[in-house]
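Using the hints provided, position chain S relative to the given structure of chain F.
Now for the letters of each chain:
Protein chains: 2
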Amino acid sequence: MSQSSLTLLQQTSELRQAIRRKEHTGPTSGLATGVMQGNVVILPADYANEFLLFCQNNPVSCPLIGVSEIGDYSMPMLGKDIDMRHDIPEYYVYRNGDKVESRTDIEALWQDDMVAFILGCSFSFEHALSQAGLTPRNIEEGVNVSMFETNIATTPAGRFHGNTVVTMRPYVPKDAIRAIQITSRFPKAHGAPLHFGTPEAIGIKDLSKPEFGDAVSLREGEVPVFWACGVTPQLAIRNAKPPICITHAPGKMLVTDILDTDLAVF
Amino acid sequence: MSQSSLTLLQQTSELRQAIRRKEHTGPTSGLATGVMQGNVVILPADYANEFLLFCQNNPVSCPLIGVSEIGDYSMPMLGKDIDMRHDIPEYYVYRNGDKVESRTDIEALWQDDMVAFILGCSFSFEHALSQAGLTPRNIEEGVNVSMFETNIATTPAGRFHGNTVVTMRPYVPKDAIRAIQITSRFPKAHGAPLHFGTPEAIGIKDLSKPEFGDAVSLREGEVPVFWACGVTPQLAIRNAKPPICITHAPGKMLVTDILDTDLAVF
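If you're matching them up, the sequences are chains F and S in order.
Position one of the first sequence corresponds to residue 1 (this note's numbering), numbered consecutively onward.
Position one of the second sequence corresponds to residue 1 (this note's numbering), numbered consecutively onward.
Hints should not be assumed to be uniformly reliable.
The list makes no distinction among identical chains, and a pair is therefore deemed to hold if it is satisfied within one copy or across any two copies.
Claimed, not checked - Cut-off 20 Å, straight-line C-alpha distance, at most; resulting in silico cross-link-like pairs (SDA-like, lysine to any residue):
hint: 1; residue 1: Lys22; residue 2: Arg178
hint: 2; residue 1: Lys174; residue 2: Ile202
hint: 3; residue 1: Lys174; residue 2: Gly197
hint: 4; residue 1: Lys241; residue 2: Asn96
hint: 5; residue 1: Lys99; residue 2: Gly162
hint: 6; residue 1: Lys174; residue 2: Glu222
hint: 7; residue 1: Lys174; residue 2: Pro59
Worth flagging that the hints you see were computed from the coordinates, not collected in a lab.
Bear in mind the structure is a predicted one, so any value in this text is a computation, not a measurement.
Isolated chain F (complex conformation) (with noise of 0.2 Å):
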């Protein structure tokens, strides 16, 4: 391993423990960048199988990247010394598929049949864009990425069912075939983008209003390009009802010491 990578897992490592000190409780966009990112969903073990079907039968928004044992809120692939307890900014918390509370550690909800899933997220293929010249917009405005709830149905799972959400990153057409090219090799971080241009040919009414996130400004002969959202196995819970589920609040994800490289394609 090189020198730079041993430097980054450093750096990791030392975010992990400043969110797990609750030193750090915003979003994690832009920080530790060379290493993925991942959406979190936690459910009990009643779910749990359903869940892993609706990811599989939905890999673009919902592409898993670990899985725990039941009642293990630790994720040894991901990285080392994660506990799922305490290692996001923040977390949603879920009953009955309503949004009760909002916490920065779930020690106290956590159960023996809890089961913690791992998606990718877009934040790979960010640092890949930035390095290609192509710094997306929230990330030059310093805010957290536009995401829309779509009409593009997932594949639905037992109770599991909804539709997907998108992240939208604005680019002239040229930038934006460069930027298809790009995230094409990250098919860990939901890929190449399923939409771009007219917004209402997906369902999005109004780009300056996104459902989750910030909005991000649009200019002069750029189109808006969309990407699968990690977010998306959140609308499917409200849907799925589960007594409990508990994910990362959008934007602040957990920070894994995997590399972006090591599941790029190509």
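Just chain S, lined up with the frame of chain F:
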């Protein structure tokens, strides 16, 4: 080599022979699919080095796949027994930059100082698009692809300069994204598109009036997608005004023995 490849090369040889006997003088689009077809530029040696640099400077519109020895009308790196004087269905002859005639052979015009250049052609990726279920509209409608002069300047070399010519194929955004991925695999056939969406952003006024080839229909929800085109050199030749230059007629290409897949990446 597989049996199917042998069969394809037999078909290719027969097509080239039919062209040589002037039995086939039409477009080569959709014929001998699976082998590369080439754009043709034949110039006197005095202009050849500058044109070689022009191709090097503009590799997306002018992806060189073969260059002959001075005065040699064979092209052994691209096929057995190719005769550049006879093996194109229709030639255009330019004198001092003006097109003066079209011919079905150039035996009477061949000079000892001539150099033939062969450039990759988007027909190579049309085959891959069709296999992926994204059959280009021009193939569906049985016409020549639409070609347009843009306001995108090429990088000049000596006396050669001019704007880029593009081909246009309409797709809905979802399919355009897949088409970008597929055509990216074929850098020697112009690779990924240069632009999509607004034609006016690249200087195209009316999609129903292509400068070369035929118009195709745009359907509800589709956007035009634009790829660089091997007709680009013909504009540069008009500007360079060599005493003589011979090209293929748009859509009527040199059929080579090289499989499309031989020059694909990934």
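Please name the hints from earlier in the document that this structure breaks, with their numbers sorted from lowest to highest. The structure breaks only hint 1.
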